[in-house]
Amino acid sequence: MLSGIAFWVLSVVAVGTGIAVFRVDSMARASYALAVSFAAVGLCLVLVDLHFVGVVTVLMMTMEMAVMAVFMVMFMGMNPALMPMSMTHGTRTPAVLAVGCFLVLGGGAVLVPWPERRGAPVADPTVALGAALMESKMLVMLTVSAVLFATVVAALCLATTRSRYDRFGDDLRSRPSDPVRGGVGR
Amino acid sequence: MTLQAVLLVAAALFSVGLYGALSQQVVVMVMMGLELMLNGVILAAAGFWWFTSPSPDGQVLLLVVITAMTVEMAMGFAVATLLHRVRGTDSADAVTDLRG
Amino acid sequence: MSGVLLAALVALPLVAGALLCLVAVGTAGVLRAAPWLAVGTAALTAAAAVAASAAATRPMLSWAFLPTVPGGEVRLLVDDLSGPVLVTVTVVALLVLLAAALDGEHRPTRFWGLMLLFLGSVTLTVTAATLPGLLLGWEIMGATSYALIGLRWRDPERVRGGQTAFLTTRAADLGLYLTGGAALAGGSGWSLERLPDATGPWVHLAAAGVLVAALGKAAQLPFSGWLSGAMQGPSPVSALLHSAAMVAMGGYLLLRTSPLLAATGWAGPAAAWAGALTTVALGAVAVAQTDLKQLLAASTAAQLGFVVLAAGLSATTAGTDQLIAHAATKAALFLAAGAWLTALGSKRLAVLRGAARRFPLLGGLATIGLLALAGAPPLALWASKGAVLAAAREDSTALWAVGLVGAALSAAYASTALRVLWSQAAPEPGGDEDPGTGTVPRALLLPIGVLGLGAVGLGALAVDDAGPGELVLGGILALGVLAVVLRRPAPAPSWAVHWLGLPRAGELLGAGTVRLADWSGRGDDALQHGVLGGVAGVRGLARGVAALDDAGVAGAVDRVAADTTRAAAGSTRLDDAGPGAAVRAVTRGARGLGVLARRPQTGLTHQYYVQVAVVLAAALLLVLVVR
Amino acid sequence: MLDLVVFVPLVAAVLLAAVDVGDRAARGTWVAVTVLDLALLVGMAVAYRTPAPGALAYERRLEWIPSVGVGYHVGVDGLSLPLLLLTGVVFAGCAVYSLREQHRPRAQAALFLFLQTACLGVFAAQDLVLFFVFFDLTIVGMYFSLAGWGHGDHRRSALQFFLYTFLGSLALLVGFIGLYLAADPHTFDIPELIAAAPLQGSPVAGALVLGAVLLGLAIKTPVVPFHTWLPPAHTDAPAVGSAVLAAVMLKLGTYGFVRIAMPMLPDAWRAWAWVLVGVGIVSVLWGALVAMAQRDLKRMIAYTSVNHMGYVVLAVGAAGLVSGSDAVARGVAVTGAVTQMVSHGLITGALFLLAGVLHDRRDSYDLGSFGGLAAPAPRFAALLVVGAFASLGLPGFSGFVAEFQVLTGSIGATSWAVAAVPGILLTAALLLRAVQQLLTGPTRGLSVGFQDLRATETLPVAGLLLLALVVGVVPATLLGWITPAATSVVELVGR
Amino acid sequence: MDYGALLPEASLLAGGVGALLSGSFLPRHRQWAARLIAVVALLASMVTALLALGTPTTVFSGSYAVDTGTAVARLVAAGGTLLVIGLGVEELSGDRRESETYALLLLATLGVVVLAGASDLLVLVVGFLLASIPVYGLIGLDLSRLGAEAAVTTYLLGALAGIVLMLGSVVLTALGGGSTYRVLAEQLSTAPRAAVAFGVLAVLTGLLFEAGAVPLHSWVPDATQGARTTSAAFLTTVPKVGGLLAAYRLVEVVPTGVPVALLVGLLATASMVLGTFAAFAQRDLRRLLGWSTVSQVGFLLLPVAAAGRSDLALPSLAVYLLGYTVTNLSVFAVLAARPDQRTVQDARGLARQQPWAAGVLVVGLLSLVGTPPTAVFLGKLTTFTAAWDGGLAWLVVVAAAASVASLFYVLRWVSELVRPPAGTTPSPGLADRRPWATGTALGCAVGVLVVGLAAGRLLDVLSTGLVR
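Chains as they are written, first to last, in my numbering: chain W, 800 to 985; chain H, 9 to 108; chain B, 373 to 999; chain C, 34 to 528; chain P, 3 to 470.
Bear in mind the hints are in silico, worked out from the structure with no lab data behind them.
Among the hints, erroneous ones may be present.
Stated by the list, open to error - Going by beta-carbon spacing under 7 Å, a handful of chain P positions derived as facing chain W: (1) Arg30; (2) Trp34; (3) Leu38; (4) Val41; (5) Leu45; (6) Val125; (7) Pro136; (8) Ser191; (9) Pro194; (10) Gly310; (11) Trp438.
What the hints assert, rightly or not - Okay, the calculated bits of chain C under chain P, using three or more residues with CB under 8 Å as the criterion: (12) 97 to 106; (13) 176 to 185; (14) 189 to 198; (15) 205 to 211.
Remember, it's a predicted structure, so these values are computed and weren't measured experimentally.
Even for Gly, the Cβ is constructed at its ideal location relative to N, Cα and C.
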């Protein structure tokens, strides 16, 4: 019962802040709203015993929104709080499609005779998750490691204009020549 | 709190995210829309896990989705940075050299 | 042995002729020995022909040609029918070639080669006992006649004469293709003597085919028109083509296939009537001519009418006699006409006035020939015509009467010519064709004389067959008409001057075909070019209609042409609406699709998102609805 | 032996393409290889003994893609032997004709040798996929001949040619796949498919598959109304290209009728034979009429090809009208059809080579621009006249042997075939008109100072026409090869 | 666990890491060492894949299949990447990001192989990520204007596709009570049909992005035009191997009630038609090729549509993939050898200037339209047969028509090749010659013919089905 009330409260928060993301007039506020929405969903996860995953979600999104704020200030040179802006290209088609999407998904959610629960949740889902990760779903995690590696490489290649050869010379023997000294402890 | 309710909320989140992804010009804002869609997917996955099959598979899937969200966002930032650096804009609509 | 003879008969002139033609192309000059090579070959051929027809056993030779069908081989045979004709043809050819060699004219090597090729094809035609063999000779004969008539190819008029001759006879020749098909379908095979065995309706088709082909070659109605144009050829060519060989072969074919004609019940009378009517109609044409060669040409058709008449009545012997007698007579006359043409530079009768007086020896020979043509007793054609008419009387009085009119007309045109040749009036100046040489080579009189002898004596063959009544009647008729016409010129029927309009009809037919072809061509362009072609086609059609108006042809032709126009317009429209439109639609559609397919690629990512959403929604609908 | 014949030109082509031997040597090699190949073919023909019905001479069978029933299977019978010989002769003629070619002779030699292998391969193939492989390669080869050595608007013509014929070949492929799937066990092997006749008793599927196959073959043949690619392709092609296109490549389509469509789909063939008869008659008449309207010599000859191929279609169509007709007549029709393929190849090949001379000397095919050509160029004139008469079906030349059998056989099978007979006359008229326009009358226009044929031009043309003459006078050898095969085709259609 | 079975994948990962790490220490013009590492890794991957041929099995609790499909992916993807590196030697040599490029190529290849071998939706999802993320990097790598634009487009479409893929995976996992295909194949037949159809469609959508098929094709022409030739060659070739084999595996799992064959057939039709017609009037050669690959995916979807309905479906897919890979790379190799060839007009006279390059192009382009005896012809022959055998005769007719239409744009290019050169376009001097790219092009052209003539034998080997 209590969980039911909590769920609905969280749902309203999640959806409401979700809508707010595209209603507020600055990107910073939008990112805050998104963070709240994610936090609400993360808490919903906790409600269904997915403590680990729920917490991970909340933490990750908090970090991610922090990064986004930093990103916007540092790279795009804008003061998010002070730049109200309209950033859409018409809203009618997206609105129609979104409503249609909701009708399809919602209709499916309500009308489809979803299967009954198979088996009961284990006592400690986090332990079960760990066990799965290390056994039957080992390959998934192995691949995820490669994905993370690839992401790092690809993102760095795209995001930085200066390569090591720009900094250290073609034979990597020069002193680093950075227009703006950066890094920690230099 | 039933599966249907959870899924309805998830559908709402997904649709709102879709609206954002479709309507926004700025790449970062489109990414937010995509994240919101993923948010809905996460909620649906949790609901499915709890109400239909509380097996480890569902949990791992959740974890994978969250990971995917993270890496996609990281790439999104990288691409947005690239666009800003090379083309001096943050709007996906502003670059239409490639068409036809 | 007999096989060798037959092979020599056919192969000798063909091979020698082909070699001479090759030499002609290769040297581009004149081979001095060519005339005598040709005469020698012809002499050998004639000797072989005599030997073959005199042989005790019937010489036969065959080689595999179309082995799938019985009678598909080329089989050559010398029998009672082909023997005399063969001898006539080869001897006349020898004499004509001799005359050509002696007349002092300068002829290209090609001429001698083509003449020999022609001779070979004729011997092949005469001896053929199967349909493929017949066609082989038959059509090569046509083709070489084309080349001979158009020998002087720098003059388009002469070439056109050859073209008309070839196309008309070839149109008729298609009858033999029908015969072939009918024989195959009727199960009789392609042996000529087995053709009457064809079953059911096929025998009729076979007979019709033969009939059409023969009438075409023999220049019978309604195909007579080509003979007029064929007079463009050199005189020796006319002398051979229109006496013993090409035209005569039409009659010969009917003689050869008279069992087939008889088997149908209708084809024989049809042939007989065609022949009889031709004797009258072309006889009138001959009377109306003002040109000696044209007169002789028309008389050829008319005289061959008797052969065809005889063949239609299965009076093979009478027909053969008429054929042979006519061959000798007509060859002599054409050679004489040619000699005058060379001497006076014209063949118009007005120029030839009194020619017999100027050249009495030649005139004498020509007179014999003309008298024979008139059917004056006791010359050869008198007897043979009598035999034919006797056969006609047995069959039908009407036919007999028409034949008699034809005989009278032949006396009329012969005496018209005689009257002019011996006329005392001053001739018009000649030289309208070539500057006249003013002389006739003496040597030329030898071959003409020999042929004249034939015209006198060959009647002996036929006297037995002719009924005495016909002989008397014919003799009186001929002499009477001669007497009348020599005193007062025969009235020239104006409707017959232009060969009953037959050449003009042929021209119009040809022009209509060409126009039809032009329209088809435009239609095809429309097929190729879609819209542009279609528009051009319509415009071209309009231009065609306008041109037709300008031409202002006679009313009847107008109607025919208008019908054709309508048909062509219809087919163009059809083309435009059918395949043309389809091709056009495909082209335009493909190009349009090319533009359309690029349209979604706007460069705007959010529109790609919309596209994805819409397509996925449609796909979802599909997978949900379809089971 | 057969493999050698098929692949020797290809090997030579690859070598010529790879090694820069110089222009003279390239031309010489081309001639030598084609003559060698022709000699091998003649050897094969001499040693050829008619195999039992359904069997093949010089057969070779190797596995290629066994799991889909595709094999390298080649062999020769009475249908293919004459066409193989024709291919060898025509290509040898083209090689000699090109001895004076100045325009990238090495590449041209390589291309034509490649094309020769492709053409020989089609006639030798006894497997549908192998057939298709070679069939398509001929299109590729001809495209490059057109695009690389053509004149006028040749890029456009080449494009149209490729697109149109490729459409046909894909329709063919679809049909082949249908045959493959219908056969049990699945196979692409031609003799096996003939023996199985897989779609007997299923009229709808049979008709659809036949429709696909026929579409492919009809475009290649070409029959009205699929002929529109042919005239532009011919007009803009080089002389040797035109010769090969008309003499050999059109036969790929008609050969397909007797090799594939008729024996494999007898039920459907019989059901739809009347369509072919109709299309054949229309092609005969339409081709002749349109040819008559042409002012361009090459276009005119191209349209006579439509006319001549129409006879073949008429004959094979008539062969399907089994009920109420005589088997002998149908056999004659099919024999005539195959003879027509050979005959048309010899004669039209020669005519196109002659037309090429006009372009070589004067850059024009326009009949109206010439006149009286017989005076400066007697050899040209003589050969053109002989070629024209051969083409109009004069007895004594191969065309007569073919057309007489086609017409009589078809009339024997159906009296509707009579409608095609006027085509003979139309052809005669149009060829005479063209020849007269070009050769006779006063020498004028582009004819003045026209250089007569050189030896390298005379030899191939005269050779082709001589062969047409030989076939026309003593056809027994040729018919001795064709007749058993044609009879067996007629039997197969009749089952 | 079964780590030994993953040696080919491990070599790719090791190669990627090795190339990146070594690159950190290599002077700019000696990054060939990183290339060497990458090549060795690819070769090692292929060799181990060959050695691993044998009884099909699954590893890691049924989440990864080691069967003919995976073997094909391992060999074709790694081989394709090898050729891409070969054709890109000159373009990449001395580039600031050379080592990173190799690392990204290998990682993407790894992702493709994982995608193709995935027998578990979870592995499929991570495989998708691993196959797509390096591709974004490869597209934007040279920091060019067009590259950046193409990277944005690709990223946005890829992210959307990933989300839909995950949504589908969530639904299917919920319905099946597990994420492995073995479980799904058992459970889905009793699950609600509409939900199954939804899930399948969603998962398929993600795979269509990898394959570059309608409706997620829009990035392909952009990326092909905007990216460097090496990247373009890679992204139009290798990811398709993973996407299509994964789609094949998925379709085989789908229960009979869902009209997946019809769905895939229609998507194939859309791809063929759209790709072909959009390529018609393109002026930029790379963009033209981009569109042509869209149409090629349509053909490649034929056997996917026939999956489970014809024994020939999988072998034909494999053969087509192999043939398509060598064919497409042969064309790109020529473009890599002649970077000055940007538009169709630039190709004019290439046959005179560089006959060999033109020859390769002709072979490659004719193969693209399916002219025998080239590689794609064999692919078309077998896929058409498989599709018809699978009851999709209409699709075969559509595909044949599309083949004809595709000839049009190919001939536009070819006819420029054989035209006489315009004016005095100088043929490139020896210094500008690109031996590696040219060599790769020749090798590919030979490969096109060899595959076309000899790969039929492979069909037997491939006829064993997939495992799950």
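Status of the hints after comparison with the structure:
A hinted interface residue such as Arg30 of chain P counts as satisfied when its beta carbon comes closer than 7 Å to some beta carbon of chain W; here the least separation is about 4 Å, so the hint holds. Nearest Cβ of chain W to the Cβ of Trp34 of chain P: about 14 Å, over the 7 Å cut. The hint is violated. A cut of 7 Å between beta carbons decides the hint on Leu38 of chain P: the least distance to chain W is about 18 Å, and the hint is violated. Restraint check, Val41 of chain P versus chain W: the minimum CB separation of about 19 Å is more than 7 Å; hint violated.
The beta carbon of Leu45 of chain P is not positioned within 7 Å of any beta carbon in chain W (closest approach about 20 Å), and the interface hint is therefore violated. Hint status for Val125 of chain P relative to chain W: holds, with the closest Cβ pair at about 6 Å, below 7 Å. Because the beta carbon of Pro136 of chain P sits about 5 Å from the nearest beta carbon in chain W, less than 7 Å, this interface hint is met. Because the beta carbon of Ser191 of chain P sits about 13 Å from the nearest beta carbon in chain W, more than 7 Å, this interface hint is broken.
Against a cut-off of 7 Å between C-beta atoms, the interface hint on Pro194 of chain P holds, since the closest Cβ of chain W lies about 5 Å away. Here the hint on Gly310 of chain P is broken, as its CB sits about 24 Å from the closest CB of chain W, past 7 Å. Proximity of Trp438 of chain P to chain W is violated relative to the hint, the smallest CB-CB distance being about 21 Å (cut-off 7 Å). Coverage of the segment 97 to 106 of chain C by chain P holds. Counting CB-CB distances below 8 Å, 6 residues qualify, and the rule asks for three or more.
For the segment 176 to 185 of chain C, the proposed coverage by chain P is satisfied: 4 residues have a C-beta within less than 8 Å of a C-beta in that chain, meeting the threshold of three. Counting residues of the segment 189 to 198 of chain C whose C-beta sits closer than 8 Å to any C-beta of chain P gives 4, which meets the bar of three, so the coverage hint holds. Coverage of the segment 205 to 211 of chain C by chain P holds in this model, with 4 residues showing a Cβ closer than 8 Å to a Cβ of that chain against a need of three.
Violated hints, in rising order: 2, 3, 4, 5, 8, 10, 11; the structure is consistent with all others.
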